[in-house]
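**Q** Here's the letter readout for the chains.
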Amino acid sequence: QKEVEQDPGPLSVPEGAIVSLNCTYSNSAFQYFMWYRQYSRKGPELLMYTYSSGNKEDGRFTAQVDKSSKYISLFIRDSQPSDSATYLCATYNDYKLSFGAGTTVTVRA
Amino acid sequence: DSGVTQTPKHLITATGQRVTLRCSPRSGDLSVYWYQQSLDQGLQFLIQYYNGEERAKGNILERFSAQQFPDLHSELNLSSLELGDSALYFCASSGTGGAGGANVLTFGAGSRLTVL
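Each protein sequence line maps, in turn, to chains A and B.
Here this note's numbering is used: the first residue of the first sequence is 1, the next is one more, and so on.
Here this note's numbering is used: the first residue of the second sequence is 1001, the next is one more, and so on.
Take the hints with a grain of salt, since some may be wrong.
According to the in silico footprint, chain B covers these stretches of chain A (three or more CB under 8 angstroms from chain B) [claimed, not checked]:
# : stretch
1 : 42-56
2 : 83-95
3 : 98-108
Everything labelled a hint here was simulated from the structure, so no lab data went into it.
Cβ atoms here follow ideal geometry from the backbone N, Cα and C, with glycine treated the same way.
All chains should be modelled from the sequences, with the hints used to inform the complete structure.
**A** See below:
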């Protein structure tokens, strides 16, 4: 079983829509959860970092962790064409970051 | 610029050959990670070094090896190359300390390897 599962999409939304991305993870002991954004095969860049459960908001981005269901989410409000990218969820454990498959998002102008 | 430097950016070579990819971590970061990203496999963890010592190993083939030098730069050596080794290879580094330090990775721009 993979440590992090993510639907690869792709996902296409109109500009201004809310983008909702989800992942599940396998090990209830995981504590550190991240979302990375990757533009067209460039290096992934950290978008959101969450420790344990709860919500974290940064501008138009909200990350949620539900440890009871082992579910992590990212919401992008008022999406822009510049948000078009691949979004990867990840969890840090045993000295490594394990990534989901990544969801490719296209925001149509 | 993330502060993590990878060279070369692009590399084209033939099957059976050997290549070396180089990574300089962000200033002050002691940990270096190597990842492979291919179209069908996503980002796969290969290996991690902390201050010169190997600390974690993922799905790294025996044909691949890595090391971290005293100046903290790292090299990933890929030998007996096969067509399936064509991929993007990313290096990342992280700092020390607790949450938000050691477990937040900063990635380089990657080295694109094409094996013909």
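**Q** Please go over all the hints and tell whether each is borne out by the structure.
**A** Okay, the hints, checked on the actual structure:
1. 42-56: This one holds; 7 residues, not fewer than the three required, reach chain B with a Cβ under 8 angstroms.
2. 83-95: holds (count 4)
3. 98-108: Satisfied; 5 residues make the cut.
Comparing the model with each numbered hint stated earlier shows that all of them hold.
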